[in-house]
Every structure is written in C-alpha cells, then in structure tokens.
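Given chain A's structure and the hints, the job is docking chains B, C and D onto it.
There are 4 protein chains.
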Amino acid sequence: MSDIISIPFILVNLKTYVESMGERAVKLAKIAEEVSSSLNVCIGLAPQIVDLSRVAESTKIPVFAQHIDPAPPGKFTGHVLPEAVKNCGAVGTMLNHSERRMRIADIEAAVARARQVGLYTVVFANNARVTAATAALEPDMVAVEPPELIGTGIPVSKAKPEVITNTIDLVKKVNPRIPVLCGAGITSGEDVSRALELGASGIAVASGVVKAKDPRSVLLEFAKAVRRAET
Amino acid sequence: MSDIISIPFILVNLKTYVESMGERAVKLAKIAEEVSSSLNVCIGLAPQIVDLSRVAESTKIPVFAQHIDPAPPGKFTGHVLPEAVKNCGAVGTMLNHSERRMRIADIEAAVARARQVGLYTVVFANNARVTAATAALEPDMVAVEPPELIGTGIPVSKAKPEVITNTIDLVKKVNPRIPVLCGAGITSGEDVSRALELGASGIAVASGVVKAKDPRSVLLEFAKAVRRAET
Amino acid sequence: MSDIISIPFILVNLKTYVESMGERAVKLAKIAEEVSSSLNVCIGLAPQIVDLSRVAESTKIPVFAQHIDPAPPGKFTGHVLPEAVKNCGAVGTMLNHSERRMRIADIEAAVARARQVGLYTVVFANNARVTAATAALEPDMVAVEPPELIGTGIPVSKAKPEVITNTIDLVKKVNPRIPVLCGAGITSGEDVSRALELGASGIAVASGVVKAKDPRSVLLEFAKAVRRAET
Amino acid sequence: MSDIISIPFILVNLKTYVESMGERAVKLAKIAEEVSSSLNVCIGLAPQIVDLSRVAESTKIPVFAQHIDPAPPGKFTGHVLPEAVKNCGAVGTMLNHSERRMRIADIEAAVARARQVGLYTVVFANNARVTAATAALEPDMVAVEPPELIGTGIPVSKAKPEVITNTIDLVKKVNPRIPVLCGAGITSGEDVSRALELGASGIAVASGVVKAKDPRSVLLEFAKAVRRAET
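So the protein lines, in turn, are chains A, B, C and D. The opening position of the first sequence corresponds to residue 94 in the numbering used here, with each subsequent residue numbered one higher. The opening position of the second sequence corresponds to residue 94 in the numbering used here, with each subsequent residue numbered one higher. The opening position of the third sequence corresponds to residue 94 in the numbering used here, with each subsequent residue numbered one higher. The opening position of the fourth sequence corresponds to residue 94 in the numbering used here, with each subsequent residue numbered one higher.
Pulled out of the complex, with its shape left as it was, chain A reads as follows (with noise of 0.2 Å):
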C-alpha cells in the first residue's frame, strides 16, 4: 500500500473538536488538498468517524478512519467495521491513539482486519518500547506521542527529541521497514523540521491545525518544512 502515502507524511488528526466537524472537516480536507497538490507533500486527515463518508467523498487526499474494530461484520451494534471504513472512501486507519488505547490482542487483529479489507495502518503509542512493540505487529506506519504533550504547544521535537531517536531505534531492531511518524505539541515548521532532522518519517497533528487561527498557512509551513528537509 505504499502508493498510497508517501514519505514524508502529514497527517492531521481532526479529533472531535467541533472547529473540525461536519462541513468544518470538508473544508479543512480541501485546504489539506491544496496545500498538498501545490507542494507536493502528502497530507492525511483523519475526521471523525461520523464525518468519514462526507470527508472521503469530497476530497482525494487520504482519508483515514481515527479508529476501527477487529469484529467481523455481524452482530457487532456500535463498533466500526472495517470493510464500512474501506467502503466509504477512507484509504487507512489510525490505531490505539492515546485518547482510545485498546488491548494489545485487539491492535494485531484490527493490523490483520485492515490488511484483509486494504486499509493502510498507522499505530500509535505512548512511548520508545511500547512503539516498537507495536512495529513487531506489522502495521504499515506506527507513531509516537508522548501523551503529557498532546494539545500543549510543546513540541515533542523539541521538548523531548529522545523520545523520537530512541523510539526510531527501537521500531528499527523490531522491524526496519516500518515508517515512525511523532507527534504532540506540534504547531510550527520548524518543530516538523525538527521531526525529520531526528529521523522521523512524518508527523502527526492535531489542534497546532484544527485550533489554529488559519489552518492553511500552518499547513503551508509544514509542508514548506517537509520540501526542505527533502532538498
């Protein structure tokens, strides 16, 4: 699936603030899309579940699910079925983010689930050795967030870059192929830039571009961070 996303990797995570629902989250993923197109950078947002569908349709930048179920389709009333995920129009899905932590027999068979279905997985993780405990469950892509930073403005790149080194170790040991992005407290081109220089493949976003006054000029300087970090 790797055709799908490219490396480096941008993906905004729209949580449920309601600054990113409904048509909020259309408009944001055209911002993404152009920003995206015009530098070519790849951008991944990650709306709601309710919103997936309005969001898939209405842009061609990846879309990704923030959460799916391991259930098989059935008698499963209020979960989230991959093939529903795959059949509206998302390309991928996030895991075990720090807001919705799940059971680790539970994270290998969603990785298993979307692999069957064709959804890309991005795991996340708290921290260096639960991450690359995740990267021995062959998702696609995992990601770090030290939680005491998420929605802070301190940047993870910043405030603790060993986080990202030490966790890029680990995940190589277990698995080398697998992309590490990090995340937490990042609202700057310079923290994204910051990010790449530690080695990470990307990075995840959630209010530095929601919360922010112009989420388009924010992306614009992530995505400018990304192009140099590039040359």
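A portion of the hints provided could be inaccurate.
If several chains are the same, the list does not tell them apart, and a pair holds so long as it fits within one copy or across any two.
[Unchecked claim] Think about it this way: if two alpha-carbon atoms lie no more than 27 Å apart in a straight line, the pair counts; the simulated BS3-like pairs of lysine-lysine are:
| # | residue 1 | residue 2 |
| --- | --- | --- |
| 1 | 251 | 168 |
| 2 | 304 | 168 |
| 3 | 317 | 253 |
| 4 | 123 | 304 |
| 5 | 168 | 306 |
| 6 | 123 | 317 |
| 7 | 168 | 153 |
| 8 | 123 | 168 |
No lab work stands behind these hints, which were simulated from the structure alone.
Quick look at chains B, C and D alone, frame taken from chain A:
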C-alpha cells in the same frame, strides 16, 4: 421530543452486517420509509456510525446512531461525539446495546449529553431489573433484549413473555412515563402483535429484517401488526 | 443480612494507599474494632483485595471487598470471585466505586452473585440520578460520592448538601428500603453529623482516616458524631 | 531475578476454579512444593488474588499474582497494587492472560512497575505475533496460549506445534534473552516433553492440574518430563 417518535415504534438496528452496509443501508432506509409512509407507522433506522450521514441525508424517517460517547467536544480521538451525530441529521441514539455495554455513569452522562444537543435516547438492557435501573437515568425510551435470544429467531414475545411484562411493571414503578420496547428473535408480524399485546410500546429488530430474503415484506408485516394492534 | 451491618454505618475504604497496606491494614482494623466496640457504632473496613483474608482473619468488624467480578467460578484468570471473597471471611463488597466503575449489566449480575454467596453489597455512584438507578438493582445499600470532591478534604455534606438530599429523595422513589451512604471529602466529626442530619444512613471515608496523623482519634470523632445523632 | 525462576519452568494457574480456592490452593501449593523439591524442577503457582497472601505464606515455591494493575499507590479502589502483591510474599505476576487482556500501554507500565518493586513478570499472549510484541516490552518471560485450545485438553504442543516454533522464532528476533512458555490444553507428561522439544522454556497449565483427579500424579508426570528433557 415526542413529535419525532410516535408509539408504537419499530426500531431497525442495522448492526455491522455487510447486508446493511453503505448503499444497502440507504436502500433499506428507502424501503422503511415507504412502509412507514404507506401504513403510517413510525419506523426508525440505526445504521453503522460510518454510514450515519449518508443514510440521514437520504431519508425522512428517524435515523439513530447505534452508540454515542458521553465525551464533550475536544480531545477524544475515535469517539462518537453527540454534536457530530446531531449535525449529520440523526434524531437520536441507541445506548448500552448488549453488544456495546456501557458503564452506568457513562449511560447517565450520555443521556444528559444527548438531551443537551437534542438527540432522542433509547437505552437498551438485558433484563427487567437492569431496564428499570436505566429508566431512572431518564432516557426517552428503554428497550429490553434478553441477549440469549438475540439473532436466534426465537421471539422474546413468545419464548419469554414474562421478561416483557416484568420489565414494564418494574419500569412503571421507577418512571411511568417511559415507553418500553422489546427485542430479540423477532421475525414475524405475529411476534410484533404478541409484544404489543403484552404492553410493549414497540419493538427492536435487526437480523429479522436485515437478513430477511425480502426485508420489505417483513417490515410490511410488522407495520400491519402495529396497525391491527391500534384498532 | 441486616444483622451484619447496623445503621448508621461508617465504611472505611483503604484504597491502594501504602499507608493502609498489609500489616498496616491489620492495624487499622484493630483500631476500628476498638472504636466500634467502645462506642457501639458499626464500622466496616474495605482493604485491598490482596489483604482481604489477612484482615478478615484478624478482626470482628465487618470486612468488605473493594470490588468483585460477576463471573462464575472457572476460567476467569485475574478476576475476583465472589465465592473466594466470602470464603476468606469478608461479609460484603463495594461495587462501582468511581475508581472502579462497572457496566450496568455487570453491577446487576455482581449484586445477584453476591446475594447468592451471602455477601452484603454497597453500590457506589457519582450523582443522585445514577445512585437512584443503582437502587433499582436491589443492592443492600447505596453510596453517593461526587468524584470531584473525593480526597479533597472538602466535605460533600458541607459543599454539596443538595447531592445528599436529592440522592435520598430519588432513591426513596425507586426503593425506599435501601439505606444511602454519602462520601467524599469527609474528615471531621462535624462532616459526619452534617451528613446524618441531611438524612444519610452513614458515611464512606478513605483518605480522611488513612492519611490522618491519628486515625484512631478521627474514627473516635466520627463514632461520637454518630452517637450524638442517635440521641 | 533469574535466581527466583529456573528454566524449564512449570507455571500452574489456579484461575477462579472452586477446586483451587482458599485452603485447596494451599493444599495444591504443598503438593507442588513436594514435587518441585523431590524432582528439582521449578514449579510456580498463581492463586486467585484473594488467596495470594495465604498461599505465599504457606509455601517456598514461587507464587505469582494472576494480574497486577499499573497504577501507583493511592486512589485506585479495587485495583491490584504491585507493592501489595510484593508485600504479601509473591515473587511475580502474570500479565495479559487471555481471560484478562490488557491495553498495550498498561502492559508496558505494569512491567515497569513490577520491575520497580521487584516482581518477576510473565506476559501472556494469544499468538506468535502478539507474543513477539510483548517481548519488546521487556518482561522477564513470555507465554503463548492459543485461546481456542485453553481448557480443552487438546495440547497446543500437539495440535498447533507451529504456534510454539513461530513464537520462539519471532520472539528471538525481538529479544533473544526472553524465555518462552507455552500453554493451552496441556494435561500429560508427553505434552510437556513435546513443548520442550519444540524449544519452549516451560509450560503454563491450569485445568490440566486443577481439574485432575490426582493433581500430584499429573505434576509428577510433568516434572519427570522436564527432567528427561534435560538429560
């Protein structure tokens, strides 16, 4: 919110069956709308969360979420925000279905959040006593479903009529204004008639409609049973 | 089981404080026993599950588990079997404490299992409405504790007296036979007096006793407040 | 902590069987101690948490908790504090058994907490890939048990030998120092021999011993199989 839902009420839960996913959910909504309109019986539909907006846009019948989370807007990746459910056109939500059981404090909080954003609530429970307890949380409606009969085709109204009558008795003591649905194993008009005779304010159904060879004829049979009960 | 517990009742929850672990739990049980005996006030103690048998063997006062699971005997590794709790000498169990919230169906099942093996149940809840709902599950006693006051030293009986009176009113409507404890922030005899004046059948306390410089004098103060209330 | 546990290791999980509760747990511990001592084979016992202190006091063989919570001391009513487990004489803990699955971040935190207080950790998992992932969390030992075989009497070492060999291969790549137990369906010495031949560092057993007519003869058979394997 009594103008949204009229009693007797038929609630069709699409669960995560592939037979009721995506476009098939829209098709089932259209069938339900026709039957509802031609026989003047209130039929609600609860598609997968992923399909919620698509279904809500395509029909006039009341559309329900299968679950909402009690969380406020914000940092709740992978959760189902009540505001997002309302925003996409749904009129209500199921809560605490036996395939998605909730902590009691979360049910109460979810009912309160639903009321806050204007969503109608149907709280499910597994037996008479638990249903009575949920009635104390002041939802708009409750539903009792013995889990051992769900999806069996053995109708609760025939196999365990005392579950329905006991539930109605206990709920009445706690809160006499709350209508009681019953469900599990209902596949025929006779099952519906029996449930209404026992005092239920309607029924909840899933596989009985979704897995039927001809969902339209099943829904028609159900609706006719409702009409007969009213005369 | 009304012969085990007399009202007004003081329930001391040892939580997982190191100050109340192992031999210190036994010591606190002896202090509680002395105070209980000298002032003829019913005091119960809920040590950690690990310490349950050790404490139950060493005291005559009623010993409670902090939690049981609703599971039957068998393949439930890591769960707390009601039979095992009974077998080690405990007389009852707490359920659904705000630090160990349960699904509503599991609370009902746990209450039924406790009754089956002869354990007294005290179901905790976070507000008036949820407490009333738990009363419909027919436990022996309920307890209301606003989570935001737990461990603060700001007594619920002073800061939020309406929580206590509303809870008593709502519980009375659902099941007038069920005594209502209140807890959160209680540290002085005055707090206890206030709670009893408001109609509570006793109090639940943790840090107010466990973290006190002199737990004996605190318990004595509590017991005296109970005695005064009865005259 | 390699001096506590020697390899090959037999871990007897008493689950929540009534046959292995209270005094019967103590009796089983004595039997295990005799067998362990007479054949010089390391046998550990994991009684219910309620029985932990009673069993630990009565035996010299290594006693394990069936589960600990990762929480620090304090406000965690109903949780299993690592310090309390250590304090009562247990030497280690099982984690993530298929009947008590944990979130990945909680497994990592529980392993770290266990190390902090001096408890040996055996992390269970349901298949080769998940076991490899848990190995990245740096526990002292891992154990693979296909859930579909647990309690069946169909031994994993015969029915699914490839699960054992694949697990050992994958764990070796992640962390070659971590011994791998296997379990599920093991009831005879032959099953144990087979497991050791396949490369396992020991076995986990529950009903095979607890539900046996003569637990002593079963444990003797297991221990002899271990002795034979070493020569």
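Query raised in the report: Which numbered hints are broken by the structure, listed smallest first?
Result: Violated hints: none at all, because every hint is consistent with the structure.
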